[in-house]
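**Q** Spelled out, the chains give:
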Amino acid sequence: MVAPVPPLIDVVKVPSPLALPAGPGLVNYTYTVRNIGTVPMSNITMVGDTCSPITLASGDINNNAKLEVNETWVYKCATTLNETHTNTVVATGWANGISAVDIASATVVVGSPLVPPLIHVTKVPNPLKLPAGGGMVTYTEKITNPGTVDLSNIKISDDKCSPLNYVSGDINHDYKIQPSETFVYTCQSKLTKTTTNTVVASGEANGTTVRDLAVATVVVATAVPKLPNTGVAPTDSTALILLVSGLLLLASAIFVGAKKKGLI
Amino acid sequence: MSNKLPSKLSFLIIGIEGIIFSLVFVSFLFFGSSAQSSALDIVSNSAKSPASILPAYLSIPQIKVNSNLESVGLTPDGAVGVPLGRNNAAWFNAGPRPGESGNAVITGHYGIWKNGVPTVFNNLYKLRLGDKIYVKDKKGSVITFVVKKKKTYNQNDDVTDVFIASDDNAHLNIITCQGTWNKITQSYPGRLVIFADRQ
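Sequence lines, in order, name chains Z and C.
Number 267 marks the last residue of the first sequence (my numbering); no jumps.
Number 205 marks the last residue of the second sequence (my numbering); no jumps.
Incorrect hints may have been included.
Stated by the list, open to error - Quick list of the computed label-pair ranges, beta carbon to beta carbon:
#, chain 1, residue 1, chain 2, residue 2, range
1, C, 69, Z, 66, 28 to 36 Å
2, Z, 170, C, 152, 29 to 37 Å
3, C, 69, Z, 246, 24 to 32 Å
4, Z, 253, C, 81, 51 to 59 Å
5, Z, 176, C, 80, 52 to 60 Å
6, C, 69, Z, 225, 27 to 35 Å
7, Z, 66, C, 55, 56 to 64 Å
Stated by the list, open to error - With a straight-line Cα cutoff of 20 Å, these simulated DMTMM-like cross-link-like pairs (lysine to aspartate or glutamate) come out:
#, chain 1, residue 1, chain 2, residue 2
8, Z, 132, C, 203
9, Z, 132, C, 83
10, Z, 229, C, 143
11, Z, 179, Z, 162
12, Z, 158, Z, 173
13, C, 132, C, 203
14, Z, 229, C, 83
Source of the hints: derived by calculation from the structure; they are not laboratory data.
Note that CB positions come from ideal geometry on N, CA and C, so glycine has one too.
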């Protein structure tokens, strides 16, 4: 059986401003949605918990309502915040009968000049599909900082793959993620069945801890049995018919012979 | 003395014919009997229709099939097993049960058995779209399926759709052989699959 290719979706959420030191005010959220997989996605939905409507501002270049691999869709939403608030959005897309989901959160501080940090993580499996029986998958996780303050105390964990090995990204070797840096990690796992796993990344700045998660599915093809051999050789019946006919013939010959000789 | 000879020959002839009759009688007794009585009342007992059942009997009135269902898995070479009895069908126990979401699979023989009588699915090809198929468990629960499609597969065809459903509904697929017997491969070249959906 040929396994379908699962989609991968990525959403980043950035509020502007990140802090309202003077008190309540208007906040504009910008959501950037990307297709980080290999197949176009349809039925893209954006669901926010406290800001609506979330409207598509740009990105569907060919106007086919599908999030193509080379497209970046930008959504926007505006709301007035009266107190410090963390807003969450769930982005969903579909391809080949499989859904892809990503969640992004962002905190806006009201009444304080402290700017909260932002963190973003992506998870990309390679390959996205495996033949029946499974095989090795390498996950690549990338952590970025879409905010304005450096992230420290970076932690990353995966619910179904370990260890996560740091590969590169800390250009200035300060163990912090600057807005210009991308920390790269990899993890390998042997899969025997279709698996969805989640990576969680966290970092700290200005006394605030922020988290982001990424979800990825790898499809393992289902083993399909061979069709059964349900046939019966048609020659089998011929032997029985010949045997029965022969015996009948023999009996008749004996009977006729005996009668001719006047024995019966 | 001469009076005893005809009598001996008569006994010989009667004996030979008795053997022949016994052979034919025993043959039909063991191999030529039609369905077991336990399967015959499937159609009439259709009051219960559970979510799924552990299948024990199969009935297809349109082609006069009433058979016991054996339970089979995979053969060492990865093929679906086949029933031991010529008049039995077999449920593939590594797949869904009839009534469960997915493709439940039943197999049965095609061709002429050793005693010259036909096997359970010799007339499977006669089924038409819309014909009913009944599967019953040992407690009397019955699930009804309706024929939706007939398709013949060759040896190297992709048979994914036989075993993997493209939706969440309950399906029943019946497989038997088709074509002309190949003496070299000791098999028929084709496999006829009847695709049925739960009613």
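**Q** A separate judgement is required for each hint: does it hold in the structure or not?
**A** Going through the hints against the structure:
Distance hint check: the CB atoms of residue 69/C and residue 66/Z are about 54 Å apart, inconsistent with the given range 28 to 36 Å. Taking the beta carbon of each, residue 170/Z and residue 152/C are about 57 Å apart, not inside 29 to 37 Å as hinted. Range check, residue 69/C to residue 246/Z: Cβ separation about 30 Å, and the 24 to 32 Å hint holds. Separation of residue 253/Z from residue 81/C is about 42 Å and departs from the stated range, judged on CB atoms against 51 to 59 Å.
At about 56 Å, the beta-carbon gap between residue 176/Z and residue 80/C stays in the expected band of 52 to 60 Å. The supplied range of 27 to 35 Å is met by residue 69/C and residue 225/Z, whose beta-carbon atoms lie about 31 Å from each other. Restraint check, residue 66/Z to residue 55/C: a C-beta distance of roughly 49 Å breaks the suggested window 56 to 64 Å. About 30 Å separates the Cα atoms of residue 132/Z and residue 203/C, which puts this hinted pair outside 20 Å; it is violated.
Distance check on the hinted pair: residue 132/Z and residue 83/C sit about 25 Å apart at the alpha-carbon level, beyond 20 Å; violated. Straight-line distance between C-alpha atoms of residue 229/Z and residue 143/C comes to about 26 Å, which puts the hinted pair past the 20 Å bound. Between residue 179/Z and residue 162/Z, the direct Cα distance comes to roughly 24 Å. Violation of the 20 Å bound is thereby established for this hinted pair. Distance hint between residue 158/Z and residue 173/Z is fulfilled; the C-alpha atoms sit about 14 Å from each other, no more than 20 Å.
Among the hinted pairs, residue 132/C with residue 203/C is consistent with the structure: their alpha-carbon atoms are about 18 Å apart, no more than 20 Å. Proximity of residue 229/Z to residue 83/C is assessed by CA-CA distance (about 8 Å); at most 20 Å being required, the pair is judged to hold.
In this structure, the hints that do not hold are numbers 1, 2, 4, 7, 8, 9, 10, 11, in rising order.
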